[in-house]
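**Student:** Residues per chain, in single letters:
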Amino acid sequence: MNENEVRTNKRPFLSGPYFIWIIAFTVLPLIVIFRYALFDGNGHFTLSNIAAIFSSSINRKALWFSLEIALGCTAFCILLSYPLVMALKHLGLSKRGFSLFIIILPMWMNFILRILAWQMILSNNGILNLLLTTLGFEPVRIANTPTAIMIGSVYDYLPYMILPIYTSIMEINEDLIEAAKDLGANSFTVFCKIILPLSLPGLLSGIVMVFVPSMTSFVISDILGGGKLQLIGNIIEQEFMISNNWHVGSGLSVALMILVLLSMAFTRKRTADGKESLVW
Amino acid sequence: MKHLKHFACSFLNCVKNIFLAIRKHFKGILSGIYVGLIGLFLYAPILVLIVLSFNKGRSRVKWEGFSFKWYEALFSNSQIGDALVTTIVLALASAGIAVLIGVPGAIGMHALGKKKFKVMMGLTNIPLLNADIVTGIALMLWFVHFIPLGFGSVLIAHITFNIPYVILSVMPRLQQMNVSVYEATRDLGAGPVYAFFKIVLPDLMPGIVSGFFMAFTMSMDDFVITFFTKGPGVNTLSTMIYGQLKKGIKPEMYALSTLIFLVVSAVLLVVNGISDRKKTPKAEQIERI
Amino acid sequence: MSDVILQLEHITKSFDGKMILDDFNLEIGRNEFVTLLGPSGCGKSTILRIIGGFVRPDKGRVLFEGHDITMLPPEKRNVNTVFQKYSLFPHMSVADNIAFGLKLKKKSSSYIRDKIAYALRLVNLEGYDDRDPLSLSGGQQQRVAIARAIVNEPKVLLLDEPLGALDLKLRHEMQRELIKIKKEVGITFLYVTHDQEEALMMSDRIIVMNKGIIQQAGDSKSIYDEPQNAFVADFIGESNIIDGIMVKDLLVNIQGVDFPCVDTGFGENNPVDVVIRPEDLEIVPQGQGYLTGQVISVIFKGAYYEIKVKVDNYEWMIQSVDPAPVGGFVGLTIDPDNIQIMHKPVRDDEEVARDE
Numbered sequence: 266m267n268e269n270e271v272r273t274n275k276r277p278f279l280s281g282p283y284f285i286w287i288i289a290f291t292v293l294p295l296i297v298i299f300r301y302a303l304f305d306g307n308g309h310f311t312l313s314n315i316a317a318i319f320s321s322s323i324n325r326k327a328l329w330f331s332l333e334i335a336l337g338c339t340a341f342c343i344l345l346s347y348p349l350v351m352a353l354k355h356l357g358l359s360k361r362g363f364s365l366f367i368i369i370l371p372m373w374m375n376f377i378l379r380i381l382a383w384q385m386i387l388s389n390n391g392i393l394n395l396l397l398t399t400l401g402f403e404p405v406r407i408a409n410t411p412t413a414i415m416i417g418s419v420y421d422y423l424p425y426m427i428l429p430i431y432t433s434i435m436e437i438n439e440d441l442i443e444a445a446k447d448l449g450a451n452s453f454t455v456f457c458k459i460i461l462p463l464s465l466p467g468l469l470s471g472i473v474m475v476f477v478p479s480m481t482s483f484v485i486s487d488i489l490g491g492g493k494l495q496l497i498g499n500i501i502e503q504e505f506m507i508s509n510n511w512h513v514g515s516g517l518s519v520a521l522m523i524l525v526l527l528s529m530a531f532t533r534k535r536t537a538d539g540k541e542s543l544v545w
Numbered sequence: 013m014k015h016l017k018h019f020a021c022s023f024l025n026c027v028k029n030i031f032l033a034i035r036k037h038f039k040g041i042l043s044g045i046y047v048g049l050i051g052l053f054l055y056a057p058i059l060v061l062i063v064l065s066f067n068k069g070r071s072r073v074k075w076e077g078f079s080f081k082w083y084e085a086l087f088s089n090s091q092i093g094d095a096l097v098t099t100i101v102l103a104l105a106s107a108g109i110a111v112l113i114g115v116p117g118a119i120g121m122h123a124l125g126k127k128k129f130k131v132m133m134g135l136t137n138i139p140l141l142n143a144d145i146v147t148g149i150a151l152m153l154w155f156v157h158f159i160p161l162g163f164g165s166v167l168i169a170h171i172t173f174n175i176p177y178v179i180l181s182v183m184p185r186l187q188q189m190n191v192s193v194y195e196a197t198r199d200l201g202a203g204p205v206y207a208f209f210k211i212v213l214p215d216l217m218p219g220i221v222s223g224f225f226m227a228f229t230m231s232m233d234d235f236v237i238t239f240f241t242k243g244p245g246v247n248t249l250s251t252m253i254y255g256q257l258k259k260g261i262k263p264e265m266y267a268l269s270t271l272i273f274l275v276v277s278a279v280l281l282v283v284n285g286i287s288d289r290k291k292t293p294k295a296e297q298i299e300r301i
Numbered sequence: 101m102s103d104v105i106l107q108l109e110h111i112t113k114s115f116d117g118k119m120i121l122d123d124f125n126l127e128i129g130r131n132e133f134v135t136l137l138g139p140s141g142c143g144k145s146t147i148l149r150i151i152g153g154f155v156r157p158d159k160g161r162v163l164f165e166g167h168d169i170t171m172l173p174p175e176k177r178n179v180n181t182v183f184q185k186y187s188l189f190p191h192m193s194v195a196d197n198i199a200f201g202l203k204l205k206k207k208s209s210s211y212i213r214d215k216i217a218y219a220l221r222l223v224n225l226e227g228y229d230d231r232d233p234l235s236l237s238g239g240q241q242q243r244v245a246i247a248r249a250i251v252n253e254p255k256v257l258l259l260d261e262p263l264g265a266l267d268l269k270l271r272h273e274m275q276r277e278l279i280k281i282k283k284e285v286g287i288t289f290l291y292v293t294h295d296q297e298e299a300l301m302m303s304d305r306i307i308v309m310n311k312g313i314i315q316q317a318g319d320s321k322s323i324y325d326e327p328q329n330a331f332v333a334d335f336i337g338e339s340n341i342i343d344g345i346m347v348k349d350l351l352v353n354i355q356g357v358d359f360p361c362v363d364t365g366f367g368e369n370n371p372v373d374v375v376i377r378p379e380d381l382e383i384v385p386q387g388q389g390y391l392t393g394q395v396i397s398v399i400f401k402g403a404y405y406e407i408k409v410k411v412d413n414y415e416w417m418i419q420s421v422d423p424a425p426v427g428g429f430v431g432l433t434i435d436p437d438n439i440q441i442m443h444k445p446v447r448d449d450e451e452v453a454r455d456e
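Chains as they are written, first to last, in the working numbering: chain Z, 266 to 545; chain U, 13 to 301; chain D, 101 to 456.
Please note that a few of the clues may not be correct.
[Unchecked claim] Quick list of simulated restraints, FRET-style, between CB atoms:
1) U/F80 to Z/P411: 37 to 43 Å
2) U/K126 to D/K255: 48 to 54 Å
3) U/K259 to Z/I523: 56 to 62 Å
4) U/L104 to D/G264: 24 to 30 Å
[Claimed, not checked] Once the Cα atoms are required to be at most 30 Å apart in a straight line, the calculated DSBU-like pairs of lysine-lysine come out as:
5) Z/K458 to D/K269
6) D/K176 to Z/K458
7) Z/K493 to U/K28
8) U/K39 to Z/K326
9) U/K39 to D/K176
10) D/K206 to U/K39
11) D/K269 to D/K176
12) D/K321 to Z/K458
13) D/K185 to D/K205
14) Z/K354 to D/K215
15) D/K255 to D/K348
16) D/K255 to D/K176
17) U/K39 to Z/K458
18) U/K39 to D/K203
19) D/K444 to Z/K354
20) D/K408 to D/K444
21) U/K39 to D/K205
22) U/K28 to D/K207
23) Z/K458 to D/K207
24) D/K185 to Z/K354
25) D/K408 to Z/K354
Please keep in mind that the hints were generated in silico from the structure rather than gathered at the bench.
Computed from a predicted structure; not experimentally measured.
Glycine included, C-beta positions come from ideal geometry on N, C-alpha and C.
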């Protein structure tokens, strides 16, 4: 018993190095970015850097556009993922790692190149229009439009939605589905009443993993938006890399962080009970 | 006439059977088509890049004939070689160090009281929840005061966002672990170090391995954080490609990404084949009888 | 059995080339309590899953009140299942679990409320409506599962080892309660278990199965007292099963000694299996009785002593209210009525294969 107590008393020290690391490279950098955000170049306290996300019309527009893209991208990812997971389950591919393999594999090709490939596919004289005209359809003009950015975002973040949903659905005990059918539920009811509610944890972590990056990305809009369509990520990047205005850039980042955390607050509640779910 | 009737009958029967078969497998067929379409969506750009890597000309739209010339050029391009080495070393080192800090970290956290555990978990989640761009900028602003931006700063940044993946994949296994096994080992006379390496560590191994691979993948895949924390002269493949965007991507990049893609698919296929053979669905089916 | 509710005709099923059921036939009467009893892997659960609609037989038909339901999906069948692992929906309260089937049938909310109250009373869980099923004990979860199935008023209730995961005391309690519930709701129960005691206690009729084949069917008493082969004898209760030779009608030779018995029709000088229940053997002073042997162990079992007596190379098991001295020599005797003679198995399906 004594031995046991010694052990439990000692073990927390193992997390010491990690704790130091968190303080040094997670907490302190956040303090620094807040300091930049809350002071101007002359060392005076100001809220204008943070408020800049709403005060300038360009920023407002970019923020609104980012929200649109993020919401749309998240919604499309959900709508595409559920049927896919159900189809994989139906095809009996669920127990083999193969379907996961198919979904993860594209992530191993550099994402900037893959987005670039979408530019080649979607551009006005690109592959898609070549196919359409060969088949006798009218060509479509989606290059450099919000649609193109949406396609690119959905493409890039879809696996991050599929994987957690896949994991949580495959974890559902087949007995529960049989029990529901036994009680008179058809496949559709089984999905609505059993599978959907039981996969909520997966869905929520999928939303976190898709919503935040799709809102803050700047590479996809850079490539597929033709430089004219700007997300909030593009604005922040330019404050740092082009205008060299670190205070405003930090202010925008902090504002973005607060917005993201606020919008994620509702998902945190669900996962707060110590059950951290992972992707794969 | 009789023949005709017979023929018509059997024809109708045949149609009916086909119809029944379609109806019976309707869901399966629909599922197959849908999976195929998503597959096409996921793999279309990859196919485009692979085709382009064999294109003779520099054009990104026109096929000018088959050639291996970009593959040849790839091996004589030291810049790309350097970026590749940087990317891989960075991914291996950051994932390895993340494991070395994260695994003891998780074990220590597991032994903490409920409140402290929650605080640590909350801190662990910050890099995961925060947008990459915010993490990257915060680290950059912090680094410029203390250390030169270069490989070292990028490595620290990657370790920082990798540790949470290690912790989150080790933690569930820790929580499931049967403490009495550890205690039995101690009871049978094993010292704490021996018990850790013989009992605890093997039990955590699957979590550690998946944490390592996740960290490795995330590091390979990262662009934004590297972009903000790197100094001049240091390039990973991602930042190099991004740098070339305005001027036009060198076709060697297509060749390289094709090679990486093929190597990774081969490795994953082999790993998959091994783990598949270990756990056949047969066993599960028999259980259900 | 005039009123047949469920018929299985020539059911054949194999998984991965392994034959699970081979030309299986069974009729179940309305309001009967039938138990499928057998070791794990004998195909008993598969029969339940075929009736429930979760498994399609390779061959054969399932008739429900005379209608062929072989191809009907589970949700369209008027049977409900109580699963071994309870399978309660973890995201719903106890009441929502019970209401699940009724809501699907679009019953009125007042009807559903009454039914939930009735079902919870039936399974002794009044006031548990809003509880989270995972917070309940195993026994309570199983009660909820039973309530959830019964509110749908199925004509047949399928129970797949429903008490398998409970401890012994709780199991006995639940057995009595199941009988009570059965009486109260008056529907057909088809029960699957590998616990012979459970089967003997609850059933109107027991179907003993092994390797996908019915070994014996009958009421508890006939199964226990007159096992038709060594498998049944071995599986049902503890038995001494020993090789014997049927000298002629009414006389069997065991271990070189002739025993009078009551069986006829086994021919002359044919090898047979002899089954003698441990409680039927009587210990008498050495020299009396048919056999003589040495006591090798005596274990007190509460209500009786379990005594092992070695005669030649066979250890007889005897249950007796009186102990015997270990190491001492004793005689064994038996009433002719209590000797059960059986044919030697001709097929390997009937061989003794008890795995527990």
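**Student:** All the hints need checking, so say for each whether the structure fits it.
**Tutor:** Hints and how they fare:
1. U/F80 to Z/P411: 37 to 43 Å: 39 Å, holds
2. U/K126 to D/K255: 48 to 54 Å: Holds: the Cβ-Cβ distance is about 51 Å, inside 48 to 54 Å.
3. U/K259 to Z/I523: 56 to 62 Å: 37 Å, violated
4. U/L104 to D/G264: 24 to 30 Å: 50 Å, violated
5. Z/K458 to D/K269: 35 Å, violated
6. D/K176 to Z/K458: 18 Å, holds
7. Z/K493 to U/K28: Violated: Z/K493 and U/K28 sit about 57 Å apart, past 30 Å.
8. U/K39 to Z/K326: 44 Å, violated
9. U/K39 to D/K176: Holds. U/K39 to D/K176 sits at ~19 Å (cutoff 30 Å).
10. D/K206 to U/K39: 27 Å, holds
11. D/K269 to D/K176: 37 Å, violated
12. D/K321 to Z/K458: 46 Å, violated
13. D/K185 to D/K205: Distance of about 25 Å is within 30 Å: holds.
14. Z/K354 to D/K215: 35 Å, violated
15. D/K255 to D/K348: Cα-Cα ~50 Å, so violated.
16. D/K255 to D/K176: Holds, because 13 Å separates the two Cα atoms, which is no more than 30 Å.
17. U/K39 to Z/K458: With a Cα-Cα distance of about 20 Å, the restraint between U/K39 and Z/K458 holds, given a limit of 30 Å.
18. U/K39 to D/K203: 26 Å, holds
19. D/K444 to Z/K354: Roughly 49 Å separates the two Cα atoms, so the pair is violated.
20. D/K408 to D/K444: With Cα atoms ~25 Å apart, D/K408 and D/K444 stay inside 30 Å; holds.
21. U/K39 to D/K205: With Cα atoms ~25 Å apart, U/K39 and D/K205 stay inside 30 Å; holds.
22. U/K28 to D/K207: The given pair, whose Cα atoms are some 38 Å apart, is violated under the 30 Å limit.
23. Z/K458 to D/K207: With a Cα-Cα distance of about 17 Å, the restraint between Z/K458 and D/K207 holds, given a limit of 30 Å.
24. D/K185 to Z/K354: Measuring from Cα to Cα gives roughly 22 Å; hence the hint holds.
25. D/K408 to Z/K354: Distance ~56 Å between D/K408 and Z/K354 Cα, so the pair is violated.
Figure legend: structure checked against the earlier numbered hints; hints not met, in rising order: 3, 4, 5, 7, 8, 11, 12, 14, 15, 19, 22, 25.
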